[in-house]
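Enquirer: What follows is the residue order along each chain.
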Amino acid sequence: QQQVKQSPQSLIVQKGGIPIINCAYENTAFDYFPWYQQFPGKGPALLIAIRPDVSEKKEGRFTISFNKSAKQFSLHIMDSQPGDSATYFCAASGEGSSNTGKLIFGQGTTLQVKP
Amino acid sequence: KAGVTQTPRYLIKTRGQQVTLSCSPISGHRSVSWYQQTPGQGLQFLFEYFSETQRNKGNFPGRFSGRQFSNSRSEMNVSTLELGDSALYLCASSSTGIQTQYFGPGTRLLVL
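If you read the sequences in order, they're chains A and B.
Going by the working numbering, the first sequence opens with residue 1, and the numbers climb by one from there.
Going by the working numbering, the second sequence opens with residue 1001, and the numbers climb by one from there.
The shape of chain B in the complex, shown without the other chains (with noise of 0.2 Å):
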């Protein structure tokens, strides 16, 4: 099976821009997660989808909001870019019931 992918992999934005990752899961995989990535806070967990609704949230602002389709891929969007945003944006998959999370290779972020 392939592995969980995320798109872009690399992305520079400028303050106040917006911007938007994808994230496919592994096959038959229906639950996502996002976490954020930093040098200073570590790995923090951003929100969970399933089935296409948000099961879960972190304690994030609400600059940060995502979706998942049908399909079970899902976007993490982010709004009015600050420097503090730039991180390693990183998404898991787990099938359902199971707790065991797979990660992508992330989306590096850097606001400018």
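If we strip away everything but chain A, and leave its shape as in the complex, we get (with noise of 0.2 Å):
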């Protein structure tokens, strides 16, 4: 019930293309859904990040879609460039003592976006 299933493991797009990254949950306490972008030798970047009761969130060319009754949701990066290629997670947390402080992560897609 704690896992965040990511997929796909790895995604190859052209440059100007739409790489999209879907994760699934079974926990319904669950109420913040972020997703982290990481380099080689870096720790994770914060990107983006929603709650269950917004349907979508965009911030730049990062959107997050959100379906809360098949409790999925999805990082899409609009005009993709060489520079994002990284490796990209999502993350889920819930609030209350079981869960302060604590994400659990998805596996990890590693995006490779060519020139």
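Honestly, the hints are just simulated from the structure, not real lab data.
Errors might be hidden in some of the hints.
For lysine-lysine, the following BS3-like pairs were computed, each having C-alpha atoms within a straight-line distance of at most 25 Å [to be verified]:
{"hint": "1", "chain 1": "A", "residue 1": "Lys58", "chain 2": "A", "residue 2": "Lys5"}
{"hint": "2", "chain 1": "A", "residue 1": "Lys114", "chain 2": "B", "residue 2": "Lys1013"}
{"hint": "3", "chain 1": "B", "residue 1": "Lys1001", "chain 2": "A", "residue 2": "Lys5"}
{"hint": "4", "chain 1": "A", "residue 1": "Lys68", "chain 2": "A", "residue 2": "Lys58"}
{"hint": "5", "chain 1": "B", "residue 1": "Lys1001", "chain 2": "A", "residue 2": "Lys42"}
{"hint": "6", "chain 1": "A", "residue 1": "Lys15", "chain 2": "A", "residue 2": "Lys71"}
{"hint": "7", "chain 1": "A", "residue 1": "Lys5", "chain 2": "A", "residue 2": "Lys42"}
{"hint": "8", "chain 1": "A", "residue 1": "Lys5", "chain 2": "A", "residue 2": "Lys71"}
{"hint": "9", "chain 1": "A", "residue 1": "Lys71", "chain 2": "A", "residue 2": "Lys58"}
Predicted model only: the values in this text are computed from it and were never measured.
Take each chain as given, in its own frame, and dock them per the hints.
Expert: If you want it as structure tokens, here you go:
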């Protein structure tokens, strides 16, 4: 119930394409869903986050789509660039003493954007 | 504001030794969480400290421990190191009542 399942494991797109990364969760107590971007040798950097009361959120070229009934959410990267080549992680957490400060991460997606 | 800092950045130890890693959170952040990142298991939650108290703990053996100081700086300790403890150890800080976590660059630990 604590798992977050992420797919695909890896993704290759051409510059300008729209890679889509999907995540699914089981625990309905989760109420916060962030996406992180990680470059080799660096820590994860927060990209964008969403809560279940919103179906879509955009920040720059990054969009999260959220389907509460299906317990799924996805990241879309518009007009992808070679500089977006990185590993992307979805995560989830919930409020309450048992979830404080605890992010449950998906397995990660390695994205390569070809010039 | 300065970001989350972690020291040291790289560490090589041998089996059976112990190690202490340090994390300084973003100024004003009182919550510090620790994660282990490996190619096989991904990012896994170790524990979280708030106001010098452990608030939450992941599924790791007792060899993994931590503490937090009054200035919110945190340390984690791994005793009796095993080869499988080789990993990137990340800490993240967050502001009180806010779920958003900001990560440091990590400490790369290699156990030989």
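Enquirer: Against each hint, give a clear statement of whether it holds in the structure.
Expert: Status of the hints after comparison with the structure:
1. A:Lys58 to A:Lys5: Within the cut-off at roughly 22 Å; holds.
2. A:Lys114 to B:Lys1013: violated (39 Å)
3. B:Lys1001 to A:Lys5: violated (34 Å)
4. A:Lys68 to A:Lys58: Answer holds: A:Lys68 to A:Lys58 is near 17 Å, not above 25 Å.
5. B:Lys1001 to A:Lys42: holds (19 Å)
6. A:Lys15 to A:Lys71: The given pair, whose Cα atoms are some 30 Å apart, is violated under the 25 Å limit.
7. A:Lys5 to A:Lys42: holds (23 Å)
8. A:Lys5 to A:Lys71: The given pair, whose Cα atoms are some 11 Å apart, holds under the 25 Å limit.
9. A:Lys71 to A:Lys58: holds (19 Å)
In summary, the structure is inconsistent with hints 2, 3 and 6 from the numbered list given earlier, while agreeing with the others.
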